[in-house]
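2 protein chains.
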Amino acid sequence: MSVKHLVLLSGGLDSTVMLAHIKDQYPEDAVTCVTINYGQKHHKEIDLALKIAAYYKCNSFCIPLAELFNSFNSALLMSNNKEIQNTLERGEVGNTYVPFRNGIFLSVLAGLADSHEYKGLWYGAHAEDASNYPDCSKKFYNTMKDAIFFGTANNIVLTAPWINMYKAEIVAKGRALKVPFGMTWSCYNGREKACGVCPTCKGRLEAFKANGIVDPLVYVGAI
Amino acid sequence: MSVKHLVLLSGGLDSTVMLAHIKDQYPEDAVTCVTINYGQKHHKEIDLALKIAAYYKCNSFCIPLAELFNSFNSALLMSNNKEIQNTLERGEVGNTYVPFRNGIFLSVLAGLADSHEYKGLWYGAHAEDASNYPDCSKKFYNTMKDAIFFGTANNIVLTAPWINMYKAEIVAKGRALKVPFGMTWSCYNGREKACGVCPTCKGRLEAFKANGIVDPLVYVGAI
Numbered sequence: 179m180s181v182k183h184l185v186l187l188s189g190g191l192d193s194t195v196m197l198a199h200i201k202d203q204y205p206e207d208a209v210t211c212v213t214i215n216y217g218q219k220h221h222k223e224i225d226l227a228l229k230i231a232a233y234y235k236c237n238s239f240c241i242p243l244a245e246l247f248n249s250f251n252s253a254l255l256m257s258n259n260k261e262i263q264n265t266l267e268r269g270e271v272g273n274t275y276v277p278f279r280n281g282i283f284l285s286v287l288a289g290l291a292d293s294h295e296y297k298g299l300w301y302g303a304h305a306e307d308a309s310n311y312p313d314c315s316k317k318f319y320n321t322m323k324d325a326i327f328f329g330t331a332n333n334i335v336l337t338a339p340w341i342n343m344y345k346a347e348i349v350a351k352g353r354a355l356k357v358p359f360g361m362t363w364s365c366y367n368g369r370e371k372a373c374g375v376c377p378t379c380k381g382r383l384e385a386f387k388a389n390g391i392v393d394p395l396v397y398v399g400a401i
Numbered sequence: 179m180s181v182k183h184l185v186l187l188s189g190g191l192d193s194t195v196m197l198a199h200i201k202d203q204y205p206e207d208a209v210t211c212v213t214i215n216y217g218q219k220h221h222k223e224i225d226l227a228l229k230i231a232a233y234y235k236c237n238s239f240c241i242p243l244a245e246l247f248n249s250f251n252s253a254l255l256m257s258n259n260k261e262i263q264n265t266l267e268r269g270e271v272g273n274t275y276v277p278f279r280n281g282i283f284l285s286v287l288a289g290l291a292d293s294h295e296y297k298g299l300w301y302g303a304h305a306e307d308a309s310n311y312p313d314c315s316k317k318f319y320n321t322m323k324d325a326i327f328f329g330t331a332n333n334i335v336l337t338a339p340w341i342n343m344y345k346a347e348i349v350a351k352g353r354a355l356k357v358p359f360g361m362t363w364s365c366y367n368g369r370e371k372a373c374g375v376c377p378t379c380k381g382r383l384e385a386f387k388a389n390g391i392v393d394p395l396v397y398v399g400a401i
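In order, the protein sequences belong to chains A and B.
207 is the number that my numbering gives to position 29 of the first sequence; each next residue is one higher, with no gaps.
219 is the number that my numbering gives to position 41 of the second sequence; each next residue is one higher, with no gaps.
What the hints contain is simulated information worked out from the structure, not anything from laboratory work.
Values in this document were obtained by computation on a predicted structure and should not be read as measured data.
Idealized CB from N, CA, C, for every residue including glycine.
Wrong hints could be hidden among the right ones.
To be verified - Distance condition first, Cα-Cα at most 25 Å in a straight line; then the derived SDA-like pairs of lysine to any residue:
1. B:K260 with A:N332
2. A:K260 with B:K219
3. B:K351 with B:K219
4. B:K219 with B:K182
5. A:K323 with B:V271
6. B:K182 with A:E270
Stated by the list, open to error - Label-pair distances were calculated between CB atoms; the ranges are:
7. A:P205 with B:S249: 49 to 55 Å
8. B:R353 with A:R268: 37 to 43 Å
9. A:L355 with B:N259: 29 to 35 Å
10. B:T265 with A:Y233: 21 to 27 Å
11. B:P205 with A:G399: 29 to 35 Å
12. A:S309 with B:V398: 30 to 36 Å
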């Protein structure tokens, strides 16, 4: 029986490879992508997420939640003047953490999914994010998965397929699935070129390096 | 050490008695009440919640989420033309269920709490609601409590003090705490007088009857 899937698509590498994976695994199923405007400092990710959804022939929409996040404490937000922290120690919750962001996003998607006969709900948290972002940890995922299942009368099933995987493995998976990596955006800064020095740029560059391939994204300083 | 508490206050009986209980248990602590406008068919509850917070000398605010819930499927919503279902069988999820509403509310409050140095987060789900509202069940509460704790790096602690209690016990508790029951509103209809026949009116009337006291709220048909 065909199932409807709701995918949290940020426009980043992890969620894009996840979308490719879902389309590959369930070619007959309907997949809808949801991107959230939570007042992040740039719109680049959001614009790309909608383009990526179109590339994969999926319906997509953006939920405007910027006002809700207005008083949240995070350097990623437009409402916040803090400089983005470029170094994160292992286990440190830095100023790029947006308090309980994934909890909010997944709850909103669970409510929408339960309203419109979806069954599957997906998000792209992976093992490397867990150390600095508590709402990407395995403990959070396992308990949130249960909260969503029980809170929707055993209806909505949350899956985070990369929860035990490192970013290099996700790049390998994406390469096998012919993901257009150049369409994805990871950098915390929304300039024309990726900065190459923020925590997500660094993680992304290392993951490509580990695979012995070049990231097609254009970085500052590249020729 | 003094702790800051964030309380989900609907303006109904259960959350109001909970607020009285928190103020009684932690007289030195700061308590802030949050009410959510999710596009419910009437504003009566919201107005009363703000008045109840003032009665208990608490700061309070209302979060506007009506737009977000616009496409949700529930007879309680203004965006939905369904008649409110007056009879609920045990274990039935009726049309007054708002998909994953408490998951969304609690996630939003967890993010706010984690942004502003709160520690305690409270909501008033009770044992009788669990049968018809999956997001009031003990299973949901236990897993959501863990998801919030882990997702905020072991920071925010969710408590639902009535999770094992019946409504009659909450009325008894409220009576002992001298709660102004007449200020609270439970009816699904926002008319001048409570209807007396919707599921929450029925539950409320039975709870007062079990305590041998009269509900000070004015009901349709009362003299």
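Tested hints:
Proximity of B:K260 to A:N332 is assessed by CA-CA distance (about 24 Å); at most 25 Å being required, the pair is judged to hold. Between A:K260 and B:K219, the direct Cα distance comes to roughly 40 Å. Violation of the 25 Å bound is thereby established for this hinted pair. With a C-alpha separation of about 29 Å, the suggested pair B:K351 and B:K219 falls outside the 25 Å cut-off, and the hint is violated. As the CA atoms of B:K219 and B:K182 are separated by approximately 32 Å, the hinted pair breaks the 25 Å bound.
For the hint pairing A:K323 with B:V271, the CA-to-CA distance comes to about 20 Å; that is within 25 Å, so the pair holds. In summary, the hint linking B:K182 to A:E270 is supported, as the alpha carbons are separated by about 24 Å, within the 25 Å threshold. Take A:P205 and B:S249: their Cβ atoms lie about 27 Å apart, and the range 49 to 55 Å is violated. Separated by about 53 Å at the C-beta atoms, B:R353 and A:R268 break the suggested range of 37 to 43 Å.
The beta-carbon spacing between A:L355 and B:N259, approximately 44 Å, falls outside the hinted interval of 29 to 35 Å. Roughly 49 Å separates the CB atoms of B:T265 and A:Y233, a value that falls outside the hinted 21 to 27 Å. The hinted range of 29 to 35 Å is not satisfied by B:P205 and A:G399, whose Cβ atoms lie roughly 59 Å apart. Between A:S309 and B:V398 the C-beta distance comes to about 58 Å, which lies outside the given range of 30 to 36 Å.
Violated hints, in rising order: 2, 3, 4, 7, 8, 9, 10, 11, 12; the structure is consistent with all others.
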